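K.L.:
Respectively, the protein sequence lines represent chains Z and A.
Under the numbering used here, the first residue of the first sequence carries the number 1, and numbering increases by one thereafter.
Under the numbering used here, the first residue of the second sequence carries the number 1, and numbering increases by one thereafter.
FYI, nobody ran anything at the bench for these hints, they're computed from the structure.
Computed from a predicted model, the values in this text were never measured in an experiment.
Hints may contain errors.
Unchecked claim - Not close to chain Z: a few residues of chain A, all C-beta gaps over 12 Å, as computed: (1) Glu2; (2) Asp45; (3) Pro62; (4) Ser63; (5) Ala64; (6) Leu114; (7) Leu133; (8) Ala157; (9) Leu180.
To be verified - Quick look at which bits of chain A chain Z covers, simulated, 3 or more residues with Cβ under 8 Å: (10) 27-37; (11) 50-58; (12) 149-156; (13) 164-175.
Glycine residues also receive a C-beta, built at the ideal position from the N, C-alpha and C atoms.
Residues per chain, in single letters:
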Amino acid sequence: MTCREFDHLLDRLLDGSCPSADWERAERHRAACARCRRLVEALGGGAGVLDEASHAALTAAILARTSGTTCRAARDRLCALVDGELSTLDRELVEGHLAACEACSALAGALKQTSRVLPGFAEIRPPETFVQQVLAATSRQMVEPSLGERVTAWLLGAARRPQFSLEVAYVCTLLLVLLFGNPVKAFRETAALGTVYVRPHAELAVERVVVTIDSICSRSARAISQLTSASRPSQSSTGQWRAAVTAVARWVTMAVGETLHALIERALQWIRAVRDKIGGWLGIATGAQTPAECGAAGSVGRGEPSSFPARSRE
Amino acid sequence: MELAALIDRCRDSDELAWEALVRQLQRRIFSIACGYAPDADEARDLAQDIFVRLYETRRRWPSADVFVPWMVRVARNVCIDELRRRRARPPAEDLVADEMPDLGDTRATPEAALDVARDRALVWRAFRSLGRLSREIILLKEIQGLTFQEIAAMLGAPVGTVKSRASRARLELAERVLALGGSTHAAPPRDGT
Numbered sequence: 001m002t003c004r005e006f007d008h009l010l011d012r013l014l015d016g017s018c019p020s021a022d023w024e025r026a027e028r029h030r031a032a033c034a035r036c037r038r039l040v041e042a043l044g045g046g047a048g049v050l051d052e053a054s055h056a057a058l059t060a061a062i063l064a065r066t067s068g069t070t071c072r073a074a075r076d077r078l079c080a081l082v083d084g085e086l087s088t089l090d091r092e093l094v095e096g097h098l099a100a101c102e103a104c105s106a107l108a109g110a111l112k113q114t115s116r117v118l119p120g121f122a123e124i125r126p127p128e129t130f131v132q133q134v135l136a137a138t139s140r141q142m143v144e145p146s147l148g149e150r151v152t153a154w155l156l157g158a159a160r161r162p163q164f165s166l167e168v169a170y171v172c173t174l175l176l177v178l179l180f181g182n183p184v185k186a187f188r189e190t191a192a193l194g195t196v197y198v199r200p201h202a203e204l205a206v207e208r209v210v211v212t213i214d215s216i217c218s219r220s221a222r223a224i225s226q227l228t229s230a231s232r233p234s235q236s237s238t239g240q241w242r243a244a245v246t247a248v249a250r251w252v253t254m255a256v257g258e259t260l261h262a263l264i265e266r267a268l269q270w271i272r273a274v275r276d277k278i279g280g281w282l283g284i285a286t287g288a289q290t291p292a293e294c295g296a297a298g299s300v301g302r303g304e305p306s307s308f309p310a311r312s313r314e
Numbered sequence: 001m002e003l004a005a006l007i008d009r010c011r012d013s014d015e016l017a018w019e020a021l022v023r024q025l026q027r028r029i030f031s032i033a034c035g036y037a038p039d040a041d042e043a044r045d046l047a048q049d050i051f052v053r054l055y056e057t058r059r060r061w062p063s064a065d066v067f068v069p070w071m072v073r074v075a076r077n078v079c080i081d082e083l084r085r086r087r088a089r090p091p092a093e094d095l096v097a098d099e100m101p102d103l104g105d106t107r108a109t110p111e112a113a114l115d116v117a118r119d120r121a122l123v124w125r126a127f128r129s130l131g132r133l134s135r136e137i138i139l140l141k142e143i144q145g146l147t148f149q150e151i152a153a154m155l156g157a158p159v160g161t162v163k164s165r166a167s168r169a170r171l172e173l174a175e176r177v178l179a180l181g182g183s184t185h186a187a188p189p190r191d192g193t
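Work out the full structure, taking the sequences as your base and the hints as a guide.
P.N.:
Take a look at the structure:
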């Protein structure tokens with residue numbers, strides 16, 4: 001049996017309600033343990049007075065069975081004790097705990113030490129040349145900065161703070177919405193405007209590119225033909241080479257032109273489809289399609305037939 | 001030299017008054033910089049930046065009775081902004097200053113000076129090993145002597161929060177002092193002994 005177990009049985013030992021098996025074990029422990037023997041004598045009003053160690057042990061045993069350790073409560077008041085802010089009663093309570101607790105007593109000592117030493121750090125001697133360096137740096141500031149420079153410096157300093165940047169972004173977003181209105185409406189109108197204004201220009205640009213490439217290829221083919229016919233009679237290998245070059249040039253013309261045209265057409269259809277979808281989600285008629293048709297005609301690739309003249313293949 | 005008179009002269013761009021003010025405040029400003037900077041060189045640069053910021057705003061200085069708390073707030077802002085801008089390694093939890101600040105101790109006897117120096121070295125090392133928040137609250141309250149109200153206004157926190165944070169920081173500092181080498185003075189005597 002340990003002293004802890006003995007403490008738990010103490011009440012029943014004293015009032016005689018302890019089971020016999022436990023009583024025997026407790027008696028054997030009491031015979032062997034001076035501390036528990038004195039404890040029983042003190043509680044039972046027996047002869048002898050508890051010494052300091054027994055008092056401390058008794059207190060610890062009682063606290064262990066009741067409120068638990070009181071170090072935390074004492075530490076919460078240590079700063080106030082060191083600062084002299086505790087009431088008389090609180091001060092006596094804390095000092096009583098410190099008298100019995102080495103750990104808290106050491107902590108209180110360290111706390112007093114730091115409170116005594118820390119104010120000495122309020123002024124620390126800088127390097128010898130510090131004042132000269134400061135005066136040199138500030139003498140360059142003798143010219144009063146202009147209003148613009150001060151505003152710029154303030155903005156730069158404020159922009160380094162993340163919270164300021166977020167607030168500015170928020171305010172700018174609000175201003176944009178106030179100035180330009182409903183962003184969904186703006187998106188729909190922009191897409192419609194894009195269809196009206198951008199597409200003809202895009203088609204014109206594609207046509208010009210295709211025509212230019214075609215022209216280059218034709219002229220190249222004519223030049224090659226003239227060269228080969230001027231040099232010697234056409235031979236089978238030269239004719240084949242000319243035909244191959246011409247075929248390649250025509251293929252490049254068709255491929256580039258048709259590819260560009262197809263890409264632009266797909267982009268316009270995709271923009272139209274996205275616009276219709278968003279309009280359908282928001283319950284806004286986009287003009288080109290009703291919301292009911294948005295889901296059916298929403299996939300990319302389908303839409304109005306191309307009005308770009310198809311290039312004939314030769 | 002009276003601070004109020006120096007402040008008035010500096011507002012009028014009196015160069016000699018500015019030099020006198022720099023000499024009067026350099027130790028305090030350098031102390032604040034040491035609380036934030038990871039090393040002495042960084043502290044010196046920060047202290048210079050603080051003085052430059054003070055000089056640039058000299059026409060808007062407050063009155064002498066609130067100048068010191070205002071100056072500490074400016075110093076704190078400069079330190080935080082500059083360290084963030086330089087992406088300097090923030091004072092880490094386990095960062096301990098390699099150099100003991102020169103406090104210019106003038107104790108009478110060498111033995112007393114040695115004891116005091118040992119005390120200060122121990123406490124400074126423990127102070128530098130604190131986390132950033134604990135170190136800042138110790139710097140503002142215990143070292144620079146600001147009130148809880150002034151610190152609360154500076155940090156944007158309630159006074160009660162600042163008080164509890166300060167108590168925890170002081171206990172943490174005391175525990176670190178014990179862990180680093182223990183108190184150099186005997187524990188308070190027990191009653192009756």
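K.L.:
Compare the structure with each hint and give your call.
P.N.:
Quick rundown of the hints versus the structure:
| no. | hint | result |
| --- | --- | --- |
| 1 | Glu2 | holds (18 Å) |
| 2 | Asp45 | violated (10 Å) |
| 3 | Pro62 | holds (18 Å) |
| 4 | Ser63 | holds (22 Å) |
| 5 | Ala64 | holds (18 Å) |
| 6 | Leu114 | holds (14 Å) |
| 7 | Leu133 | holds (17 Å) |
| 8 | Ala157 | holds (16 Å) |
| 9 | Leu180 | violated (10 Å) |
| 10 | 27-37 | holds (count 5) |
| 11 | 50-58 | holds (count 4) |
| 12 | 149-156 | violated (count 0) |
| 13 | 164-175 | holds (count 7) |
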